[in-house]
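Since the structure of chain E is already known, use the hints to place chain G on it.
Protein chains in written order, with numbering that gives the first Met the number 0: chain E, 0 to 290; chain G, 0 to 304.
Misleading hints may appear alongside valid ones.
To be verified - One side only, chain G facing chain E, incomplete, derived with CB under 8 Å:
id, residue
1, Val26
2, Leu129
3, Leu133
4, Gly137
5, Gln138
6, Val140
7, Pro141
8, Trp144
9, Ile214
10, Val245
11, Leu265
12, Val272
13, Tyr283
14, Thr285
15, Leu288
16, Leu292
Hint data in this document are derived by calculation from the structure and do not stem from the laboratory.
Heads up, the beta-carbon is just placed ideally off N, CA and C, and yes, glycines get one too.
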Amino acid sequence: MPDATAAQPARFAAPRASSWRALRRSRTGLAGVVIVTAIVMAATCAPWLAPSNPTAPVFGAILNRPGPVHPFGTDQLGRDVLSRVIYGARVALAVGLTTVIAAGLIGCTLGLVSGYAGGWADAAITRIADVQLSFPFILLALVVNAVIGAGLRNIILSLAIAGWPLYVRVVRGEVLALRHREYVQAAVAVGARPVRLLWRHVLPNVMTPIVVISTLQVSQFIIAEATISFLGFGVQPPTPAWGSMVSDGRNYIFFAWWLAAFPGAALAVTALGVNLTGDWLRDALDPRLRS
Amino acid sequence: MSRYLLGRLGQAAVAIFLALTAVFFLVRITGDPVILFLPLDVQPKDIAQFRHLLGFDRPVWTQYVEFLGRAARGDFGASLRYRAPALGLVLRRLPVTAELAAVSLAVVASVAVPVGILSARYRGTVVDHLGITLTAAGQAVPGFWLGLMLIWVFGVWLRWLPVAGFGGWTHFVLPTLTLTAFYAAQIARITRSAVLDALGQDYVRTARAKGMREIGVLVRHVLKNAAIPIVTVFGLNAGQLLGGAVVTETIFAWPGMGAYILNALLGRDFPVVMVGVFCTSVIYVTMNLAVDLAYLWIDPRVRYA
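Next comes chain E alone, as it looks inside the complex (with noise of 0.2 Å):
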């Protein structure tokens, strides 16, 4: 836990300014940044910018080694596995944006309540939290969604349930901190109301913690989320997701490699993007947290 004075943020002239200076003194930030634009390109063009239908089949054209006219080959449908993979840019980023939005709204109110609050309901969140943090991730995202079935709006519930507990650690501690602040204080003294005071006065000022930790956490759960596909819980056929394309070339590993190379390398490049970009907005924004 910071203590008061190492957790005040170091706030300079123009911030805007010195970030994007950093970005380009960044090679990694910007190698970052760029991979991540072109996946929402990717995601947003890919009705212009597919070659072809990635749901409808065709049966003269199965399992085609990659080639000229499929860069990336051909399924065991006879699908272009290059549109395909490009419109597996849409599920993995709507996955990975909706499930940060969900586990940052849970994980951010129960945070503030717990680091404003204290007392029982501190004890209760934090308690909750930290066996759930001490559970294998994916292995409690699975669970859940074998309870409440499978599809894509319950693994964006199941990823938001597991992963919830990330922010009520970073925002508690930094409401903890900044609790005893003047500023906090003053507003106290004026009779701000709690959700105002939260709103205003403390929300603000843990913004950038909780943006650096929801750009890496992106990652993780679109990752989290093909891994799930992969398993086979999660998005079902025939809507291309690379996690549950790589599921299909397992079949055909020993005969057509193309099948779960192309979709994955596009998954862990997606995840190195944003890991990427990630690093580079906590160095850039928040340097406290720089590991």
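Just chain G, lined up with the frame of chain E:
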């Protein structure tokens, strides 16, 4: 010191109790758990009878107390598929998983920690860049895909290694690589930053100034101080290794606990799932207890507190 130990043991007991509670309520979050505990071929008219038979029609608190009582005796009910006590079925597969996990932990400790140290010691050089690239890749590559690609390269293409099953040391190579990639990257990363942190301290400058050999400085002063964060992350993430085991064992047809839990999940064999979740928690709590005991050894501040 004994108070420290007692405190930690107490915390472990509370954690296991909470895990049991979580398992109990987890299968009830949908409201009606009876569907999760029925054989797949059950007729709709028999559901009510099953609900009564399994006790799901009684008050939740009665069920909870009874569940805790039976759990204390190691009775978690019978597997729906194998009609045998679920606990025994899961525990029988534990040693095979433990073997894989032990080899993986050994690999992580003997590869990731040196990589992190070298990366920090030669900061900014080619060695460091190589280390950073490897760890970034390790953290981004999804385990299930890495496993498949290893099967393709070493099993299908080069035909060097067996791609499935449990056997001699060659069977360990690919699963270990798959299981350790992410974890090793994480440990290498934390080692690098912890060592960098220690290298900047005054006592390191003093040690060097008095003419100590570099290896001595690294081992006696740097590593000893960097050990605390490294051991913490090591323990914290050991639980995630068990999550990784689910994926790894499934891909390589490793006859361990992870693959068994996944099969139970896919086959909706919830007594086995509950035992799996419970065992995982117990293993994790034990690991953390081990880390806490390790602090006694590496950090004198804990010993004399």
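Evaluation of the provided hints:
1. The criterion of a C-beta within 8 Å of any C-beta in chain E is met by G:Val26, whose closest approach is roughly 6 Å, and the hint holds.
2. The criterion of a C-beta within 8 Å of any C-beta in chain E is not met by G:Leu129, whose closest approach is roughly 14 Å, and the hint is violated.
3. Nearest Cβ of chain E to the Cβ of G:Leu133: about 12 Å, over the 8 Å cut. The hint is violated.
4. Checking G:Gly137 against chain E: minimum C-beta separation of about 10 Å lies over 8 Å; hint violated.
5. Here the hint on G:Gln138 is kept, as its CB sits about 6 Å from the closest CB of chain E, short of 8 Å.
6. With a least beta-carbon distance of about 5 Å to chain E, the hint placing G:Val140 at the interface is held under the 8 Å criterion.
7. Residue-level restraint check for G:Pro141 holds (minimum Cβ-Cβ distance to chain E is 5 Å; threshold 8 Å).
8. Among the interface hints, the one on G:Trp144 holds; its C-beta lies about 3 Å from the nearest C-beta in chain E, closer than the 8 Å criterion.
9. Interface restraint check: G:Ile214 against chain E, minimum CB-CB distance 26 Å, threshold 8 Å, status violated.
10. The interface hint given for G:Val245 is met, as the beta carbon of that residue sits about 6 Å from the closest beta carbon of chain E, less than 8 Å.
11. Among the interface hints, the one on G:Leu265 holds; its C-beta lies about 6 Å from the nearest C-beta in chain E, closer than the 8 Å criterion.
12. With 8 Å as the threshold, the beta carbon of G:Val272 comes within range of chain E, its nearest partner Cβ sitting at about 6 Å, so the hint holds.
13. A distance limit of 8 Å between C-beta atoms decides the matter here; for G:Tyr283 the minimum to chain E is near 5 Å, and the interface restraint holds.
14. Hint status for G:Thr285: violated, given a least beta-carbon distance of 11 Å to chain E, over 8 Å.
15. Checking G:Leu288 against chain E by beta carbon gives a least distance of about 12 Å; that is not within 8 Å, so the hint is violated.
16. Residue-level restraint check for G:Leu292 is violated (minimum Cβ-Cβ distance to chain E is 17 Å; threshold 8 Å).
This entry does not satisfy hints 2, 3, 4, 9, 14, 15 and 16, going by the numbered hints stated previously.
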